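Mapping of the sequence shown onto the numbering used here: residues 48 to 274, in sequence order.
Honestly, the hints are just simulated from the structure, not real lab data.
Incorrect hints may appear among the rest.
[As the list claims (entries may be wrong)] Listed next, the in silico EDC-like pairs over lysine to aspartate or glutamate satisfying Cα-Cα at most 16 Å (straight line):
hint, residue 1, residue 2
1, LYS160, GLU211
2, LYS77, GLU50
3, LYS201, GLU211
4, LYS261, ASP126
5, LYS185, ASP126
6, LYS267, ASP255
7, LYS202, ASP147
8, LYS140, GLU50
[What the hints assert, rightly or not] Ranges of calculated distance between the beta carbons of each label pair, as one might list FRET restraints:
hint, residue 1, residue 2, range
9, LYS77, PHE196, 31 to 37 Å
10, LEU138, THR84, 29 to 35 Å
11, PRO58, GLU265, 21 to 27 Å
As the structure is a computational prediction, the values presented were derived from the model and not from experiment.
The C-beta atom is built at its ideal place from N, Cα and C for all residues, glycine as well.
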Amino acid sequence: MKEGFLAINKPSGITSFAVVRRLRQITGVKKIGHAGTLDPLASGVLVCAIGRSATKNISYLMDSKKTYQAMIEFGKKSDTYDSDGKIEAVLTKKIPSQKDITDQMVKFLGEIKQRPPIFSAKKIKGKKAYHLARQGKKIILPLCVVKIFSIKVKKYHWPFLSIEVVCGKGTYIRSIANDLGEILDTGGVLISLIRTKSGFFSMKQAIDLEKITKDNWEKKLIPNVIK
(Lines of atoms letter the chains of each structure in order from A and count residues from 1; the text may use other names and numbers.)
(Lines give C-alpha, C1' and ligand atoms only; values in the text may rest on other atoms or scores of the structure.)
Protein backbone atom coordinates (compact mmCIF):
# COMPACT_ATOMS: atom_id res chain seq x y z
CA MET A 1 0.00 0.00 0.00
CA LYS A 2 1.23 3.47 -0.89
CA GLU A 3 1.52 6.08 1.86
CA GLY A 4 1.76 9.84 1.73
CA PHE A 5 -0.37 12.97 1.81
CA LEU A 6 -3.55 14.18 0.17
CA ALA A 7 -4.22 17.90 0.14
CA ILE A 8 -8.02 18.08 0.19
CA ASN A 9 -10.01 21.16 -0.72
CA LYS A 10 -12.49 20.81 2.15
CA PRO A 11 -15.91 22.23 1.30
CA SER A 12 -17.77 24.44 3.72
CA GLY A 13 -20.50 22.74 5.73
CA ILE A 14 -18.73 19.56 6.84
CA THR A 15 -16.31 18.74 9.64
CA SER A 16 -12.65 17.88 9.16
CA PHE A 17 -13.31 14.47 10.69
CA ALA A 18 -16.01 13.84 8.07
CA VAL A 19 -13.28 14.25 5.43
CA VAL A 20 -11.07 11.73 7.25
CA ARG A 21 -13.99 9.31 7.59
CA ARG A 22 -14.74 9.59 3.86
CA LEU A 23 -11.09 8.99 2.95
CA ARG A 24 -11.04 5.86 5.11
CA GLN A 25 -14.04 4.57 3.18
CA ILE A 26 -12.43 5.33 -0.19
CA THR A 27 -8.92 4.08 0.54
CA GLY A 28 -9.62 1.26 2.96
CA VAL A 29 -6.83 2.69 5.14
CA LYS A 30 -7.64 3.12 8.82
CA LYS A 31 -4.51 5.07 9.75
CA ILE A 32 -5.46 8.54 8.46
CA GLY A 33 -5.12 11.88 10.23
CA HIS A 34 -5.20 15.56 9.34
CA ALA A 35 -2.80 18.40 10.04
CA GLY A 36 -5.06 21.01 11.63
CA THR A 37 -8.82 21.22 12.03
CA LEU A 38 -10.96 23.41 9.83
CA ASP A 39 -14.31 24.41 11.35
CA PRO A 40 -17.45 23.36 9.42
CA LEU A 41 -17.85 26.97 8.20
CA ALA A 42 -14.33 26.97 6.75
CA SER A 43 -13.10 25.58 3.44
CA GLY A 44 -9.75 25.13 1.79
CA VAL A 45 -6.57 23.15 2.30
CA LEU A 46 -6.91 20.22 4.69
CA VAL A 47 -3.75 18.11 4.59
CA CYS A 48 -4.51 14.45 5.28
CA ALA A 49 -1.82 11.90 6.08
CA ILE A 50 -2.46 8.43 4.67
CA GLY A 51 -0.74 5.49 6.34
CA ARG A 52 1.42 4.95 9.40
CA SER A 53 4.64 6.61 8.17
CA ALA A 54 2.81 9.73 7.00
CA THR A 55 0.75 10.13 10.18
CA LYS A 56 3.97 10.10 12.21
CA ASN A 57 4.71 13.51 10.65
CA ILE A 58 1.37 15.10 11.58
CA SER A 59 2.92 17.10 14.43
CA TYR A 60 5.49 18.63 12.07
CA LEU A 61 2.75 19.71 9.67
CA MET A 62 0.57 21.07 12.47
CA ASP A 63 3.47 23.26 13.60
CA SER A 64 3.87 24.80 10.14
CA LYS A 65 2.54 28.20 9.05
CA LYS A 66 -0.98 28.47 7.69
CA THR A 67 -2.50 31.17 5.48
CA TYR A 68 -6.16 32.19 5.57
CA GLN A 69 -8.48 34.47 3.63
CA ALA A 70 -11.22 35.62 5.99
CA MET A 71 -14.33 37.75 5.70
CA ILE A 72 -15.56 39.59 8.78
CA GLU A 73 -18.91 41.31 9.13
CA PHE A 74 -19.06 44.21 11.59
CA GLY A 75 -22.20 45.36 13.40
CA LYS A 76 -22.86 41.89 14.81
CA LYS A 77 -21.58 39.54 17.48
CA SER A 78 -21.95 35.79 17.96
CA ASP A 79 -21.52 33.32 20.80
CA THR A 80 -19.41 31.15 18.45
CA TYR A 81 -17.62 34.19 16.96
CA ASP A 82 -18.87 33.13 13.51
CA SER A 83 -22.11 33.11 11.53
CA ASP A 84 -23.01 29.59 12.70
CA GLY A 85 -23.79 30.83 16.20
CA LYS A 86 -26.46 32.94 17.89
CA ILE A 87 -26.23 36.37 16.24
CA GLU A 88 -26.94 39.67 17.96
CA ALA A 89 -26.91 43.11 16.37
CA VAL A 90 -24.43 45.65 17.74
CA LEU A 91 -25.25 49.34 17.66
CA THR A 92 -22.30 51.03 15.97
CA LYS A 93 -21.77 54.63 17.03
CA LYS A 94 -18.93 55.29 14.60
CA ILE A 95 -18.14 53.46 11.39
CA PRO A 96 -14.37 52.86 11.37
CA SER A 97 -12.24 53.94 8.43
CA GLN A 98 -9.76 51.52 6.86
CA LYS A 99 -6.98 53.40 8.67
CA ASP A 100 -8.81 52.90 11.98
CA ILE A 101 -8.87 49.18 11.25
CA THR A 102 -5.24 48.82 10.13
CA ASP A 103 -4.07 50.84 13.13
CA GLN A 104 -5.75 48.32 15.44
CA MET A 105 -4.68 45.25 13.44
CA VAL A 106 -1.06 45.98 14.32
CA LYS A 107 -1.92 44.80 17.85
CA PHE A 108 -2.44 41.29 16.49
CA LEU A 109 1.08 40.90 15.08
CA GLY A 110 3.73 38.68 16.63
CA GLU A 111 3.22 36.50 19.68
CA ILE A 112 -0.09 37.45 21.25
CA LYS A 113 -2.38 36.09 23.93
CA GLN A 114 -5.66 34.93 22.43
CA ARG A 115 -8.76 33.54 24.12
CA PRO A 116 -10.26 30.64 22.14
CA PRO A 117 -14.02 30.60 21.48
CA ILE A 118 -16.00 28.62 24.05
CA PHE A 119 -17.49 26.73 21.12
CA SER A 120 -14.22 24.97 20.33
CA ALA A 121 -12.50 21.63 20.85
CA LYS A 122 -10.35 23.00 23.68
CA LYS A 123 -10.69 20.78 26.75
CA ILE A 124 -11.69 21.65 30.31
CA LYS A 125 -11.02 18.84 32.76
CA GLY A 126 -11.08 16.34 29.93
CA LYS A 127 -14.30 17.63 28.37
CA LYS A 128 -14.49 19.55 25.10
CA ALA A 129 -15.51 23.16 25.63
CA TYR A 130 -18.25 23.10 23.00
CA HIS A 131 -20.01 20.24 24.79
CA LEU A 132 -20.11 22.29 28.00
CA ALA A 133 -21.17 25.44 26.11
CA ARG A 134 -24.06 23.58 24.47
CA GLN A 135 -25.21 22.51 27.92
CA GLY A 136 -25.47 26.18 28.84
CA LYS A 137 -22.60 26.09 31.30
CA LYS A 138 -20.68 29.33 31.77
CA ILE A 139 -17.04 28.75 30.95
CA ILE A 140 -14.02 30.93 30.38
CA LEU A 141 -11.14 29.40 28.50
CA PRO A 142 -7.61 30.45 29.48
CA LEU A 143 -5.60 32.69 27.20
CA CYS A 144 -3.29 30.91 24.77
CA VAL A 145 -0.11 32.24 23.18
CA VAL A 146 -0.31 32.17 19.38
CA LYS A 147 1.82 33.71 16.67
CA ILE A 148 0.61 35.95 13.85
CA PHE A 149 3.25 36.45 11.16
CA SER A 150 1.19 38.86 9.07
CA ILE A 151 -2.32 40.27 8.93
CA LYS A 152 -3.46 42.65 6.22
CA VAL A 153 -6.58 44.15 4.73
CA LYS A 154 -7.49 42.85 1.28
CA LYS A 155 -10.75 44.79 0.87
CA TYR A 156 -13.01 46.90 3.05
CA HIS A 157 -16.51 48.17 2.43
CA TRP A 158 -18.55 48.61 5.58
CA PRO A 159 -19.70 46.34 7.15
CA PHE A 160 -17.51 43.76 5.38
CA LEU A 161 -13.77 43.37 5.85
CA SER A 162 -11.64 40.90 3.91
CA ILE A 163 -8.27 40.05 5.48
CA GLU A 164 -5.36 37.70 4.91
CA VAL A 165 -3.72 36.11 7.94
CA VAL A 166 -0.51 34.08 8.11
CA CYS A 167 -0.26 32.40 11.49
CA GLY A 168 1.11 29.56 13.56
CA LYS A 169 -0.70 26.60 15.08
CA GLY A 170 -3.58 27.03 17.50
CA THR A 171 -4.69 30.40 16.10
CA TYR A 172 -8.44 30.98 15.96
CA ILE A 173 -9.39 33.33 13.13
CA ARG A 174 -12.84 33.48 14.75
CA SER A 175 -11.22 35.04 17.81
CA ILE A 176 -9.45 37.62 15.65
CA ALA A 177 -12.83 38.61 14.15
CA ASN A 178 -14.43 38.89 17.58
CA ASP A 179 -11.49 40.69 19.22
CA LEU A 180 -11.12 43.18 16.38
CA GLY A 181 -14.84 43.94 16.64
CA GLU A 182 -14.49 44.53 20.38
CA ILE A 183 -11.51 46.86 19.94
CA LEU A 184 -13.37 48.87 17.28
CA ASP A 185 -16.58 48.80 19.36
CA THR A 186 -18.49 47.50 16.35
CA GLY A 187 -18.83 43.81 17.04
CA GLY A 188 -17.37 41.39 14.54
CA VAL A 189 -18.41 37.98 13.20
CA LEU A 190 -16.47 35.65 10.91
CA ILE A 191 -18.70 34.87 7.94
CA SER A 192 -16.30 33.00 5.68
CA LEU A 193 -12.87 31.42 5.96
CA ILE A 194 -10.61 29.79 3.38
CA ARG A 195 -7.30 28.17 4.26
CA THR A 196 -5.18 28.80 1.18
CA LYS A 197 -1.94 27.30 2.46
CA SER A 198 -0.90 24.76 5.09
CA GLY A 199 2.86 24.38 5.38
CA PHE A 200 4.17 23.73 1.87
CA PHE A 201 0.73 22.56 0.65
CA SER A 202 -1.38 25.13 -1.23
CA MET A 203 -4.70 25.37 -3.06
CA LYS A 204 -2.83 24.51 -6.28
CA GLN A 205 -2.33 21.00 -4.92
CA ALA A 206 -5.71 20.68 -3.21
CA ILE A 207 -8.21 18.24 -4.69
CA ASP A 208 -11.97 18.39 -4.29
CA LEU A 209 -13.12 15.59 -2.01
CA GLU A 210 -15.73 14.33 -4.49
CA LYS A 211 -12.98 13.83 -7.09
CA ILE A 212 -11.13 11.29 -4.93
CA THR A 213 -12.11 7.71 -5.86
CA LYS A 214 -11.03 4.17 -5.08
CA ASP A 215 -9.41 4.04 -8.50
CA ASN A 216 -7.39 7.27 -8.41
CA TRP A 217 -6.46 8.10 -4.79
CA GLU A 218 -3.05 6.42 -4.90
CA LYS A 219 -2.12 8.35 -8.06
CA LYS A 220 -2.95 11.62 -6.31
CA LEU A 221 -0.80 10.93 -3.22
CA ILE A 222 2.01 13.35 -2.48
CA PRO A 223 5.01 11.29 -1.29
CA ASN A 224 6.03 11.41 2.36
CA VAL A 225 9.32 13.32 2.06
CA ILE A 226 9.38 14.65 5.63
CA LYS A 227 12.15 13.07 7.66
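Next on the checklist: If you test the structure against every hint from before, which numbers come out violated?
Outcome noted: 1, 4 and 8
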